[in-house]
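Visitor: Chains as they are written, first to last, in full-length UniProt numbering: chain A, 1 to 115; chain B, 1 to 155.
In short, the hints are calculated from the structure, not lab data.
Errors might be hidden in some of the hints.
Here are the simulated distance ranges between beta carbons [said to hold, decoys possible]: (1) A:93 - B:141: 29 to 35 angstroms; (2) B:29 - A:4: 31 to 37 angstroms; (3) B:113 - A:98: 43 to 49 angstroms.
Some but not every residue of chain B turned toward chain A, in silico, with C-beta under 10 angstroms [stated by the list, open to error]: (4) 27; (5) 30; (6) 31; (7) 32; (8) 33; (9) 44; (10) 90; (11) 98; (12) 100; (13) 107; (14) 110; (15) 111; (16) 113; (17) 115; (18) 123; (19) 133.
Every value quoted in this text rests on a predicted model; they were computed, and no experiment measured them.
The C-beta atom is built at its ideal place from N, Cα and C for all residues, glycine as well.
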Amino acid sequence: MWSWVGHRITGVVIFIFLLVHVLDTSLVRVSPEAYTAVIGAYKNPIMGLGEAGLVAAIVFHAFNGLRIIAIDFWKKGPKYQRQLLWGVLALWAVTMIPFLIRHLTIVFSNFFGGH
Amino acid sequence: MSTESIAAPRSNSAQSPKYKRSKGNNSSFEMAAWLFMRLSGVVLIVLIFGHLFVNLMLGDGIHAVDFGFVAGKWASPFWQIWDLVMLWLAILHGTNGVRTIINDYAERSGTRMTLKTVLYVASGVIVVLGTLVIFTFDPCPPGAVIDLPSFCPVP
Chain A
1 MWSWVGHRIT GVVIFIFLLV HVLDTSLVRV SPEAYTAVIG AYKNPIMGLG EAGLVAAIVF
61 HAFNGLRIIA IDFWKKGPKY QRQLLWGVLA LWAVTMIPFL IRHLTIVFSN FFGGH
Chain B
1 MSTESIAAPR SNSAQSPKYK RSKGNNSSFE MAAWLFMRLS GVVLIVLIFG HLFVNLMLGD
61 GIHAVDFGFV AGKWASPFWQ IWDLVMLWLA ILHGTNGVRT IINDYAERSG TRMTLKTVLY
121 VASGVIVVLG TLVIFTFDPC PPGAVIDLPS FCPVP
């Protein structure tokens, strides 16, 4: 039940970001200055935390999607759906920890460290 | 024993409310959409995880992303095709997901039609725009001076 709610909410959030992300990337067709100015907004720490949240949503949606496929196509999937959810959450944590260390180091060291 | 038949308890009897939505037709569209979500989902995991790894974790991560970074990637047909397939699959996957959510929560036919029309127009505009940007992109636009990739002629 909650994995289903989480899958829907993360799905909608990712889709809305996708629409905005295609628009901001389209600025490369306007001018290098326009693109670099807008992409600069993605580099401040608040947006950096937003990106971390977005990646967290994507990683959950991805692994829970694999769980849905397992439930639909694997004979024992429905029986083990609860254990599979714990597997999703474990894989999510294992993926997010190195990502957060790398990404937040880049975001905060560049913001406080120089340039 | 009487052989008197008993009407099914569903379907518009006085005791049960009328089912308000029209029956779907017999096309296999919903089956195809269900299968598409699973197949495109698996491909999108590879494409998006690769996209995030290259753009956020390698090199200087998000800090290195500027016009020159995008120009450098799209100079290669490999990344052009990667981003094109990712764009189309993600838009179709997301549009079908939101279509399902609209069908679930919007009870009036008119509301469903309106919301889905807005959804399809938005998705259509974005997917055409993104495709045009990938293929009409000029990595060395005339007159530009900042953040150009290293292979552009020095102005």
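Visitor: So, for every hint listed, does it hold in this structure?
Guide: Hint-by-hint comparison with the structure:
1. Restraint check, residue 93 of chain A to residue 141 of chain B: a C-beta distance of roughly 44 angstroms breaks the suggested window 29 to 35 angstroms.
2. About 23 angstroms separates the C-beta atoms of residue 29 of chain B and residue 4 of chain A, a value inconsistent with the hinted range of 31 to 37 angstroms.
3. The given range of 43 to 49 angstroms is respected by residue 113 of chain B and residue 98 of chain A, whose C-beta atoms sit roughly 46 angstroms from each other.
4. The criterion of a C-beta within 10 angstroms of any C-beta in chain A is not met by residue 27 of chain B, whose closest approach is roughly 21 angstroms, and the hint is violated.
5. Look at residue 30 of chain B: its Cβ only gets to about 14 angstroms from chain A, farther than 10 angstroms, so that hint breaks.
6. Among the interface hints, the one on residue 31 of chain B is violated; its C-beta lies about 12 angstroms from the nearest C-beta in chain A, farther than the 10 angstroms criterion.
7. For residue 32 of chain B, the interface hint is violated, the least distance from its beta-carbon to any beta-carbon of chain A being 15 angstroms, above 10 angstroms.
8. Taking 10 angstroms as the C-beta contact cut-off toward chain A, the hint placing residue 33 of chain B at the interface is violated, the least distance being around 14 angstroms.
9. Given the 10 angstroms rule on beta carbons, the hint for residue 44 of chain B holds: about 8 angstroms separates it from the nearest Cβ of chain A.
10. About 6 angstroms separates the beta-carbon of residue 90 of chain B from the nearest beta-carbon of chain A, less than 10 angstroms, and the hint is met.
11. Nearest Cβ of chain A to the Cβ of residue 98 of chain B: about 6 angstroms, under the 10 angstroms cut. The hint holds.
12. Taking 10 angstroms as the C-beta cut-off, the interface hint given for residue 100 of chain B holds, the closest approach to chain A being about 9 angstroms.
13. Checking residue 107 of chain B against chain A by beta carbon gives a least distance of about 17 angstroms; that is not within 10 angstroms, so the hint is violated.
14. With a cut of 10 angstroms, the hint placing residue 110 of chain B at the interface with chain A is violated, because the nearest CB-to-CB distance is about 22 angstroms.
15. Evaluation of the residue 111 of chain B hint against chain A yields a violated restraint, the C-beta minimum of about 17 angstroms exceeding 10 angstroms.
16. Hint status for residue 113 of chain B relative to chain A: violated, with the closest Cβ pair at about 20 angstroms, above 10 angstroms.
17. Hint on residue 115 of chain B is violated. Least Cβ distance to chain A is approximately 13 angstroms, over the 10 angstroms limit.
18. Hint on residue 123 of chain B holds. Least Cβ distance to chain A is approximately 8 angstroms, under the 10 angstroms limit.
19. At a threshold of 10 angstroms, the smallest CB-CB gap from residue 133 of chain B to chain A is about 5 angstroms, leaving the interface hint in force.
Taken one by one, the earlier hints fail for this structure at numbers 1, 2, 4, 5, 6, 7, 8, 13, 14, 15, 16, 17, listed in ascending order.
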